[in-house]
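Listed below, chain by chain, are the residues.
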Amino acid sequence: MKIVFALLIIVFLTFSGYHLTFRSFKLPLFAREFYLTGTEFLFLGLLLGAQFLNLLNTETLRGLEPIGALLLGWIGLLFGFQFEIAKLQRFPLDFFKAAILESLLTFVLVFFSVYYTLPLFFEIPEVKHIVLSLTLSAAAACTAQTGLALLAPDFIDQHRKTTGLLRYVSSIDGLSALLIFGMVFFFRKSSITGFSWVGDLALGTVFILIISAGLVFLYIVFMSSHRDESELALLVIAMAVLTSGVASILHFSPLVANFFVGFCLVNLCRQKERLFKILVGVEKPVYLLLLVFIGAYWKLDSMWLVVLAAAYCFCRFVGKFLGGVIVTRLSPEMNDYPPHLGFGLLDQGGLSLAILFDFQQGISCDVSTSVISLALLAIIYNEFLSPYLLVRLLKEDK
Amino acid sequence: MVDLYQRKRNVITYILTLLVVTLFALWLRHLDIESSWQKAGMINFSFGFVLLAAYMSAQILKIARLPLISGYIIVGIIVGPYVSGFLTDDMIASFGFINDVALSFIALTAGGALHLQSLKKRRKSIILNILFLTLVVFGFVFMFFVFMGSHFSFIRNLSSVQIMAFAVLVGVVAVARSPSSAIAIISESRASGPFTETVLGVTVAMDVLIIVLFTVALTVVRIILGGSGMLDTQVFMAVSIEMAVSFFLGALLGKGISFYIDRIRHDLPLFLLFLAFGVTKISMWSDNFMISYFDIHLHLEPLLICMSAGFVVQNFSKTGTYFMESLDRVSLPVYVLFFSLAGASLNFDALRLCWLLTLCLAVVRVTGIFCATWLAGTVAGDPPLHNRSAWMAYITQAGVAIGLAQVAEREFPEIGMYLTTVILALIFVNQVAGPVTFKAVLNFLGEAKIR
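Chains as they are written, first to last, in the numbering used here: chain A, 1 to 398; chain B, 1 to 451.
No wet-lab data here; the hints were simulated from the structure. Careful: at least some of the hints might be erroneous.
With a Cα cut of at most 27 angstroms, we get these calculated BS3-like pairs of lysine-lysine [claimed, not checked]:
#1 B/LYS8 / A/LYS272
#2 B/LYS281 / A/LYS284
#3 B/LYS281 / B/LYS39
#4 A/LYS299 / A/LYS87
#5 A/LYS97 / A/LYS87
#6 B/LYS449 / B/LYS121
#7 A/LYS277 / A/LYS395
#8 A/LYS299 / B/LYS281
#9 A/LYS299 / B/LYS39
#10 B/LYS281 / B/LYS255
#11 A/LYS272 / A/LYS284
#12 A/LYS284 / B/LYS121
Quick partial rundown of chain B residues pointing at chain A, CB under 8 angstroms, derived from the structure [said to hold, decoys possible]:
#13 LEU26
#14 TRP27
#15 LEU28
#16 ILE33
#17 ASN44
#18 TYR55
#19 SER94
#20 SER118
#21 LYS120
#22 LEU270
#23 LEU332
#24 VAL336
So the derived label-pair ranges between C-beta atoms look like this [to be verified]:
#25 A/SER331 / B/LEU31: 45 to 55 angstroms
#26 A/ASP301 / B/VAL407: 54 to 64 angstroms
#27 A/VAL307 / B/PHE289: 34 to 44 angstroms
#28 A/LYS284 / B/VAL235: 24 to 34 angstroms
#29 B/PHE289 / A/THR117: 17 to 27 angstroms
#30 B/LEU31 / A/SER230: 42 to 52 angstroms
#31 A/LEU330 / B/ILE450: 54 to 64 angstroms
The beta-carbon is built from N, C-alpha and C at its ideal position, and this holds for glycine as well.
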């Protein structure tokens with residue numbers, strides 16, 4: 001059976017390679033989205049992982065831990081770079097409120113659904129139970145821009161206002177989810193040392209902020225003299241891995257720590273444009289590698305996962321949909337946007353994957369592989385669902 | 001004046017930053033590391049720290065006109081398990097796989113740096129250098145041990161037969177060089193010209209030849225130590241097949257890379273990373289697979305595969321320039337990582353144990369290299385200036401030599417410990433001195449574009 005699956009994946013990946021090579025080959029809409037967003041790399045990870053070829057086995061993944069830390073660091077930095085205050089101020093405050101509200105609503109809805117559903121299917125200790133629910137809801141609250149990126153430019157031009165809002169919301173709505181996810185790591189320490197969680201949270205946050213400030217200072221020192229691109233790339237790689245390492249040693253999330261650093265850099269560093277160019281230059285390879293890495297943890301060992309993933313996907317859909325309806329009634333200006341705004345916020349991209357990967361690296365437990373598999377399936381469902389609903393939303397848009 | 005001021009300012013900034021980062025690292029090392037998550041964090045932190053420290057130290061040492069890789073190696077030695085212990089043996093072992101992938105990347109570059117046209121032009125010089133370097137260096141080192149070996153306390157316990165076997169093995173390992181160091185220095189100096197082409201051709205070819213020579217040496221030593229009394233032709237057959245299969249796979253891979261560049265082109269560094277990973281992993285896997293299922297020992301050599309792949313892309317497709325540019329864009333992190341880890345693996349304890357013997361051996365080896373290159377250059381009709389200074393380009397030694405020593409240690413445990421210690425100590429000296437002399441000779445002969 002394993003060999004048959006492996007062969008199927010190889011055929012599928014060969015087809016992917018063929019598609020990459022001969023781009024004129026026309027695919028149906030859902031498949032086009034699937035390929036162009038790189039989701040096939042999840043299958044590459046699955047094929048290379050322990051379930052099939054065993055090339056990316058536990059030992060190898062342990063050997064590649066610095067690469068994993070680099071990927072998390074890179075995505076954290078990139079996400080932090082989205083929050084340049086001067087740029088955010090150019091948009092109405094309602095946009096910001098809409099992004100946060102929509103994401104929080106999805107977060108809360110998914111959190112309670114997962115919290116009450118998971119124990120019915122998995123045996124999980126109480127602390128891990130909260131952690132798993134927080135992780136899944138944080139991953140659900142984030143949105144990617146992949147669907148928008150694939151639309152034809154003239155179609156976007158016709159709906160510039162709505163696509164502008166969608167782009168804004170999807171680029172920053174992971175903020176609240178990411179910050180809440182960061183708190184998950186304090187559970188980790190309290191579960192080990194038995195400290196009060198609130199005490200840990202306050203002290204830990206202050207501590208990590210001080211360390212992040214030190215790391216930002218280091219970046220600024222490095223950026224103070226002129227360097228060529230390869231030197232800059234080396235420094236960013238080294239600093240991202242170093243920051244991830246420091247965060248892990250201090251029981252904190254590498255992703256969130258790098259986000260703090262990225263946020264400070266984009267608002268304080270004069271050379272931020274050059275740094276951003278380096279970060280964004282390999283954004284796609286980083287994303288694809290992340291897909292491969294997380295795909296290696298994917299384990300399809302129960303049909304229940306397929307059903308649970310559909311339920312998880314549905315809860316997320318409801319959250320995004322309700323969020324869209326509510327935020328378009330926030331103020332008279334927001335009334336101009338179509339109420340089904342949530343239809344355009346279904347893509348789940350890099351940040352969701354990074355949250356799942358961070359969780360797998362830092363707080364894995366007996367059921368974490370199943371939970372990750374469930375979330376990955378949901379991401380694939382969303383990839384299929386999203387293009388139709390996005391186009392439908394924009395057609396609704398007057 | 002402004003430039004000098006700027007340079008001084010930069011150096012002071014690097015020194016201060018290095019100090020701050022080091023203090024921070026020392027503080028982190030004193031924290032209690034309990035969970036596996038924290039341990040993984042410490043590994044990641046150390047990885048980032050080594051990259052930063054190596055980069056900054058290399059920039060500081062640049063003032064003394066030392067090559068960058070010397071800076072990386074020196075930092076590796078300092079943070080490694082034999083000096084400060086910041087990087088433990090376990091940590092270095094856990095970086096092993098990334099290190100192998102980095103080495104495959106460097107091998108791709110080494111293959112890609114070989115131009116068939118230039119090799120043809122320099123054919124005579126390259127062949128003569130290989131021939132004389134092999135014969136003379138081996139001869140000098142062999143004679144040194146046979147006639148002087150018993151005077152050194154470190155190997156005094158060995159019998160005369162064992163010293164003879166020891167001399168054969170050290171002699172062959174002394175012939176090995178380090179293509180990775182050579183390619184790093186050439187790429188740092190942006191060197192080109194007849195001298196550079198000859199050195200590169202000789203270094204890469206000897207990396208292949210050394211495997212054959214070592215197999216011969218193992219057989220000879222087996223005879224000397226009283227094992228099998230005949231040359232085992234099966235062993236030679238197996239080595240030839242391994243090399244042929246590796247070259248063939250490399251050529252196929254090279255064709256695949258040029259097809260990818262032709263048809264897709266985007267994200268080439270990522271594609272090459274996948275390939276380097278794949279080659280390294282599949283080589284390991286095929287070893288076990290062939291033994292488990294067919295009881296055949298077929299060891300694919302990832303270095304040879306990558307070198308021949310790079311060579312095919314460069315010489316049998318139109319995509320060579322783009323391929324090399326892509327590799328060059330990611331070369332800095334690869335070199336910093338590879339050479340700082342190489343530095344960390346250099347065995348300082350071994351040098352402490354047999355420093356006198358090692359120094360004498362290093363001098364004998366260098367003398368052998370000088371005689372060999374002078375002779376080869378003179379016969380080939382190369383410029384006298386090249387002939388007098390070519391020895392400086394062939395001193396570096398690294399991974400291959402360590403690998404050979406480990407194989408020999410497993411094969412002949414009775415002399416293995418002595419052999420590994422002496423070879424590790426010799427590599428220590430050569431890997432510290434070699435890059436400096438190589439960069440100096442490229443500058444001296446005017447083939448380096450960046451000084």
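Taking the hints in turn, this is what the structure says about them:
For the given pair, B/LYS8 sits about 25 angstroms from A/LYS272 by alpha-carbon distance, which is consistent with the 27 angstroms threshold. At most 27 angstroms may separate the alpha-carbon atoms for a hinted pair to count; B/LYS281 and A/LYS284 meet this at roughly 24 angstroms. Using a Cα cut-off of 27 angstroms, the hinted pair B/LYS281 and B/LYS39 holds, with the two alpha carbons roughly 25 angstroms apart. For the given pair, A/LYS299 sits about 42 angstroms from A/LYS87 by alpha-carbon distance, which is inconsistent with the 27 angstroms threshold.
The suggested pairing of A/LYS97 with A/LYS87 holds, with an alpha-carbon distance near 16 angstroms, which does not exceed 27 angstroms. Of the pairs offered as hints, the one joining B/LYS449 and B/LYS121 holds, with about 22 angstroms between alpha carbons and a cut-off of 27 angstroms not exceeded. Only pairs whose Cα atoms come within 27 angstroms are accepted, and A/LYS277 paired with A/LYS395 is rejected, the gap being roughly 35 angstroms. For the given pair, A/LYS299 sits about 22 angstroms from B/LYS281 by alpha-carbon distance, which is consistent with the 27 angstroms threshold.
Under the criterion of a C-alpha separation no larger than 27 angstroms, the hint pairing A/LYS299 with B/LYS39 is consistent with the structure, at around 26 angstroms. Taking the CA atoms of B/LYS281 and B/LYS255, the gap is near 20 angstroms; set against the 27 angstroms cutoff, the hint holds. Under the criterion of a C-alpha separation no larger than 27 angstroms, the hint pairing A/LYS272 with A/LYS284 is consistent with the structure, at around 20 angstroms. Only pairs whose Cα atoms come within 27 angstroms are accepted, and A/LYS284 paired with B/LYS121 is rejected, the gap being roughly 43 angstroms.
Given hint, B/LEU26 at the interface with chain A, is violated; its Cβ is 13 angstroms from that chain's nearest Cβ, farther than 8 angstroms. Look at B/TRP27: its Cβ only gets to about 11 angstroms from chain A, farther than 8 angstroms, so that hint breaks. For B/LEU28, the suggested interface contact is upheld, since its CB lies about 6 angstroms from the closest CB of chain A, less than 8 angstroms. Hint on B/ILE33 holds. Least Cβ distance to chain A is approximately 7 angstroms, under the 8 angstroms limit.
Hint status for B/ASN44: holds, given a least beta-carbon distance of 3 angstroms to chain A, under 8 angstroms. Annotation: interface hint on B/TYR55 holds; nearest CB of chain A at approximately 6 angstroms, less than 8 angstroms. Interface hint status for B/SER94: upheld, as the beta-carbon distance to the closest one in chain A is roughly 6 angstroms, under 8 angstroms. The beta carbon of B/SER118 comes no nearer than 26 angstroms to any beta carbon in chain A, farther than 8 angstroms, and the hint placing it at the interface is violated.
The closest approach between the C-beta of B/LYS120 and any C-beta of chain A is roughly 32 angstroms, which is over the 8 angstroms cut-off, so the hint fails. At a threshold of 8 angstroms, the smallest CB-CB gap from B/LEU270 to chain A is about 4 angstroms, leaving the interface hint in force. Given hint, B/LEU332 at the interface with chain A, holds; its Cβ is 4 angstroms from that chain's nearest Cβ, closer than 8 angstroms. For B/VAL336, the suggested interface contact is upheld, since its CB lies about 6 angstroms from the closest CB of chain A, less than 8 angstroms.
In this structure the hint that A/SER331 and B/LEU31 lie 45 to 55 angstroms apart at CB holds, the actual value being about 49 angstroms. Roughly 42 angstroms separates the CB atoms of A/ASP301 and B/VAL407, a value that falls outside the hinted 54 to 64 angstroms. Against the hinted window of 34 to 44 angstroms, the Cβ-Cβ separation of A/VAL307 and B/PHE289 comes to about 38 angstroms, which satisfies the hint. Checked against the hint of 24 to 34 angstroms, the pair A/LYS284 and B/VAL235 fails, with Cβ atoms roughly 47 angstroms apart.
The given range of 17 to 27 angstroms is broken by B/PHE289 and A/THR117, whose C-beta atoms sit roughly 43 angstroms from each other. Our hint of 42 to 52 angstroms for B/LEU31 and A/SER230 is violated, since their Cβ atoms are close to 33 angstroms apart. Restraint check, A/LEU330 to B/ILE450: a C-beta distance of roughly 59 angstroms satisfies the suggested window 54 to 64 angstroms.
Violated hints, in rising order: 4, 7, 12, 13, 14, 20, 21, 26, 28, 29 and 30; the structure is consistent with all others.
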